[in-house]
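Starting from the known structure of chain A, arrange chain B on it as the hints suggest.
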Amino acid sequence: MASETINSLAVVKNPAVTPLAVRYYCTEDEWRNYSGYTNQHDFPSSEVVLFLENATEQVKKDAFHRIRWELVTKDSNDRYFTARKYWGNKYGTHEDKTEIRHGEITKYDIEVWEADTTSSVAASLFLQGTRVNRLQYVIPYYAVTEIDPVNCWFKLSSDYPTSGRQVFVTYYVAGKPMQEIGYELKRACMEYAIVLALKKLKRKRLKFGTTSLSLGKKSLTRDENAFDEMVKDHMKEYHGWIRWIKPFIGRKAKIGRMETVDSRRMFNRN
Amino acid sequence: MAADFAWIEYLSTAGDTATSTNLNLGSTLAANLAPSTYPITAGTYSYEKWIRAYFSGTFTRIENLQFWKSAGEYGTGETLKWTGQQTEWVAPTTTVSTYADTAVPTSDPGTANVSITGTTTASLVASGYSDFIILQASIGLTATAGAVAQKTFTLQYDEV
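From first to last, the protein sequence lines are chains A and B. Just so you know, my numbering puts 227 at position 227 of the first sequence, and the rest follows in order with no gaps. So the number in my numbering is just where the residue sits in the second sequence, counting from 1, plus 270.
Note that these hints are calculated values from the structure, not bench results.
Distance condition first, Cα-Cα at most 27 Å in a straight line; then the derived DSS-like pairs of lysine-lysine:
no.	chain 1	residue 1	chain 2	residue 2
1	A	K232	A	K204
2	A	K199	A	K236
3	A	K13	B	K351
4	A	K13	B	K339
If we strip away everything but chain A, and leave its shape as in the complex, we get (with noise of 0.2 Å):
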């Protein structure tokens, strides 16, 4: 009896590992620098992240729009694009371990399906609005080789879809390319955290007998008023950053002979 022995290695690439510059659209120390509450007492660092977390999630969801399971075909180049422009980030990912690097588009930030093509007796079915039993498969993301995030396109490995079957992809469509709207997205979210964090502290300050608050340059006496005014005007301030974000939905509207035109909606298509 006789053996032979090899060695074998083998070294792991993970992009899931995000840096935590990545995890919000902005740091706790650029919201700190921004809005001045630096006092650790009524601004604890781990009040400040579980804010930042929140905004991000509410910047997501107030600025992309959800399109979901939208039949794709692909091009003579295998690619499969999108209907709108452009991809934003997925939301619904705020937990740990997202793999969802904000700020940038990631295969991550898309939802690929496959199911069977639909029969034409299922499809007459389904325009008389009856219930059709068609069942979604979900598309693995190792199965997704190569996404273009601007002109909104994906590659798929030549396992899928699996013969017989369609694709579908879900995915979050913005106004502008992301790397065009950086620090719009870091101001909303800014704006947000300041907006979570004030109400926060109006609840265990304000409500609480204290007499006078020193908010970064403000100073505030006990007035709720003021307090709630001052919280109005954030929120505003993040209803014209998200403003500027999202993406046009809807259609011309006609009165008389006027036509409201969006000219946002053709740059968005395109």
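Relative to the frame of chain A, chain B by itself:
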């Protein structure tokens, strides 16, 4: 006199071969590759390794080929699949292997699990090859970035 032994790796064509001094797995199709240059992205598979054992020199008979992973622990999300009984060469793939679909044994299997001319009971009586051994690493999304633990594979055989 004992038989001579070599690991022969098959690359992009059936005639494109190389002598392997290691079975490093990575994201490219090459023999003795540098794993840090060709890391495997979490959530994907390595390129398949298609290798054969080559026996030459003077011997009466070679038989009872047994292959297993004799050392090296798996990391989180890491699995090695294999087969040792593929007779025909097919171009290696980096997608999930349709051949290497069984976990590599982690101890001496006791009976032959690598075939010669399509059967595990056959033997070599002159210089020749075993059938193909195909290996592929599957790296899950939970895998930690960096080098995985080194694995050692043993091929045991009876020489008469």
